[in-house]
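Quick note on the numbering used here: the sequence shown kicks off at 38 and runs consecutively.
It is worth saying that the hints were derived from the structure and are not from the lab. Misleading hints may appear alongside valid ones.
Using C-beta positions, here's what the derived DEER-type ranges look like [what the hints assert, rightly or not]:
| hint | residue 1 | residue 2 | range |
| --- | --- | --- | --- |
| 1 | 364 | 145 | 23 to 31 Å |
| 2 | 339 | 412 | 37 to 45 Å |
| 3 | 381 | 248 | 22 to 30 Å |
| 4 | 436 | 308 | 18 to 26 Å |
| 5 | 88 | 129 | 20 to 28 Å |
| 6 | 178 | 88 | 19 to 27 Å |
| 7 | 159 | 118 | 18 to 26 Å |
| 8 | 433 | 212 | 51 to 59 Å |
| 9 | 302 | 282 | 22 to 30 Å |
| 10 | 282 | 150 | 44 to 52 Å |
30 Å max Cα-Cα, derived DSS-like pairs, lysine-lysine [as the list claims (entries may be wrong)]:
| hint | residue 1 | residue 2 |
| --- | --- | --- |
| 11 | 336 | 285 |
| 12 | 341 | 270 |
| 13 | 370 | 341 |
| 14 | 270 | 285 |
| 15 | 261 | 285 |
| 16 | 285 | 98 |
| 17 | 261 | 354 |
| 18 | 303 | 354 |
Don't be surprised by glycine CBs; every beta carbon is placed ideally from N, CA and C.
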Amino acid sequence: MDDQRSASRQYSYWRYGDSMMDPLGPVAVISQQLQPELADSVNRKLRRIRQNFSNEFPELKKLPGYLRQDYEIEVDLQRFNNGEGQATLLESVRGHDVYIITDVLNNGAFTVRNNSYEPLSPDEHYQDLIRLLGAMHGLARRVNVILPYLFESRRYLRTNRGSMDCGLVLRQLFSMGIANLITFDAHDTRVANAVPTKNFESFPTTLPIIENVLERVPDLHIDKEHFMLISPKETGISRAIYYATLMKVPLGTFYREHLADGSISKAFLGEEIQGRDVMIVDDMIDSSQTICECASYLKEHGAKRVFCAVSFAQFTKGYELVNQAYDFGIIDKIFSTNLVYQPRALRAMPWFESVDMSAYLASVIDALNHNSSLSQLLSPEQRIVNILDRHNKRLAELAK
Numbered sequence: 038m039d040d041q042r043s044a045s046r047q048y049s050y051w052r053y054g055d056s057m058m059d060p061l062g063p064v065a066v067i068s069q070q071l072q073p074e075l076a077d078s079v080n081r082k083l084r085r086i087r088q089n090f091s092n093e094f095p096e097l098k099k100l101p102g103y104l105r106q107d108y109e110i111e112v113d114l115q116r117f118n119n120g121e122g123q124a125t126l127l128e129s130v131r132g133h134d135v136y137i138i139t140d141v142l143n144n145g146a147f148t149v150r151n152n153s154y155e156p157l158s159p160d161e162h163y164q165d166l167i168r169l170l171g172a173m174h175g176l177a178r179r180v181n182v183i184l185p186y187l188f189e190s191r192r193y194l195r196t197n198r199g200s201m202d203c204g205l206v207l208r209q210l211f212s213m214g215i216a217n218l219i220t221f222d223a224h225d226t227r228v229a230n231a232v233p234t235k236n237f238e239s240f241p242t243t244l245p246i247i248e249n250v251l252e253r254v255p256d257l258h259i260d261k262e263h264f265m266l267i268s269p270k271e272t273g274i275s276r277a278i279y280y281a282t283l284m285k286v287p288l289g290t291f292y293r294e295h296l297a298d299g300s301i302s303k304a305f306l307g308e309e310i311q312g313r314d315v316m317i318v319d320d321m322i323d324s325s326q327t328i329c330e331c332a333s334y335l336k337e338h339g340a341k342r343v344f345c346a347v348s349f350a351q352f353t354k355g356y357e358l359v360n361q362a363y364d365f366g367i368i369d370k371i372f373s374t375n376l377v378y379q380p381r382a383l384r385a386m387p388w389f390e391s392v393d394m395s396a397y398l399a400s401v402i403d404a405l406n407h408n409s410s411l412s413q414l415l416s417p418e419q420r421i422v423n424i425l426d427r428h429n430k431r432l433a434e435l436a437k
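Input sequences plus hints: build the corresponding full structure.
Next up, the structure:
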């Protein structure tokens, strides 16, 4: 057992920095609410992570349930004809460290209601999550919830007489006994104040997005003369500042200007755009109208190429606006993570680039299972800087 602990500590140190904990227990992943391709990829990546380190430290293979072919636990999320639901565990989770991954924006999941197929709404996905937590009450050793898109995260402040839904969601989930709640790029991390003593973490998607941008646009010059970061609205400028600081490039932002007639227009604040590649960064695309309006302005004022990078692409009103922008040379590429459902039609668009997050999700699960420090995943700044340095050196060598 001492040898096992030693190997586990070396493993955690090497991968996550400053932790030295043994795995809490066998991992059980419940991912039926994810797009199937992403769920399968997370399972494969988790096995690969553990296979690599168990090859280096064979003692890890002796830990119960550490290395398995399949970490997924099957569940039945049944829907009745009247719309009610029930969650049933089809395998035992007793003694397991359970990770429930719920994509509340998965409109690729359908139910039969009134003799017709209808996509499940975010509310229905969330209620299925609540049912899953109720089904395993008192059975699992620990239960963790991963909400890639934080449910109701747009309602993080009380307005007028409206409900503050995100705070209610967090309090309900932790009241049901979960140990950790993981999300990505929360709209406003101050929602954590609703559960100040609980383990709530919002992970950035910056590293995988930048990796994909540089890989798929290899001629992109990331410097002050050739590149610029853009925030499409003043309320999201902190995200753009983070990107611009790491990339060491200028920052521009659109802000709302109140006109004398009482109307509101958008104005731009920033350096000269002419001749530069620009990238608009935001947490999400909803209808795509804001992104297209910003891209049109940037192109009209001399931007060389316009790229967009977001964590969650929903396109709730379809792809027509972006298709037109692409056809007229206004938008070159949109990068978005696959943390939320991506229809096949979206992935086939010539302007769309999907950023695979399965390895990131697998690393989060593995780190939490070891009770390891999450600092390397929460703060990947040095890794980003190293990636940018390598990219710029490669371009410099090609220019010689």
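Now the hints, each set against the structure:
1. 364 - 145: 23 to 31 Å: holds, 27 Å
2. 339 - 412: 37 to 45 Å: Given about 41 Å between the Cβ atoms, the range holds.
3. 381 - 248: 22 to 30 Å: Once the Cβ atoms are compared, 24 Å apart, the range 22 to 30 Å for residue 248 and residue 381 holds.
4. 436 - 308: 18 to 26 Å: holds, 24 Å
5. 88 - 129: 20 to 28 Å: holds, 24 Å
6. 178 - 88: 19 to 27 Å: At 23 Å between Cβs, range holds.
7. 159 - 118: 18 to 26 Å: With a Cβ separation near 22 Å, residue 159 and residue 118 satisfy 18 to 26 Å, so the hint holds.
8. 433 - 212: 51 to 59 Å: holds, 55 Å
9. 302 - 282: 22 to 30 Å: At roughly 29 Å between Cβ atoms, residue 282 and residue 302 fall inside 22 to 30 Å, so the hint holds.
10. 282 - 150: 44 to 52 Å: holds, 48 Å
11. 336 - 285: holds, 22 Å
12. 341 - 270: Holds: residue 341 and residue 270 sit about 21 Å apart, inside 30 Å.
13. 370 - 341: Within the cut-off at roughly 13 Å; holds.
14. 270 - 285: This hinted pair holds, its Cα atoms lying about 20 Å apart.
15. 261 - 285: holds, 7 Å
16. 285 - 98: violated, 44 Å
17. 261 - 354: Violated, at about 36 Å.
18. 303 - 354: Since the Cα atoms of residue 303 and residue 354 sit roughly 22 Å apart, the hinted pair holds (cutoff 30 Å).
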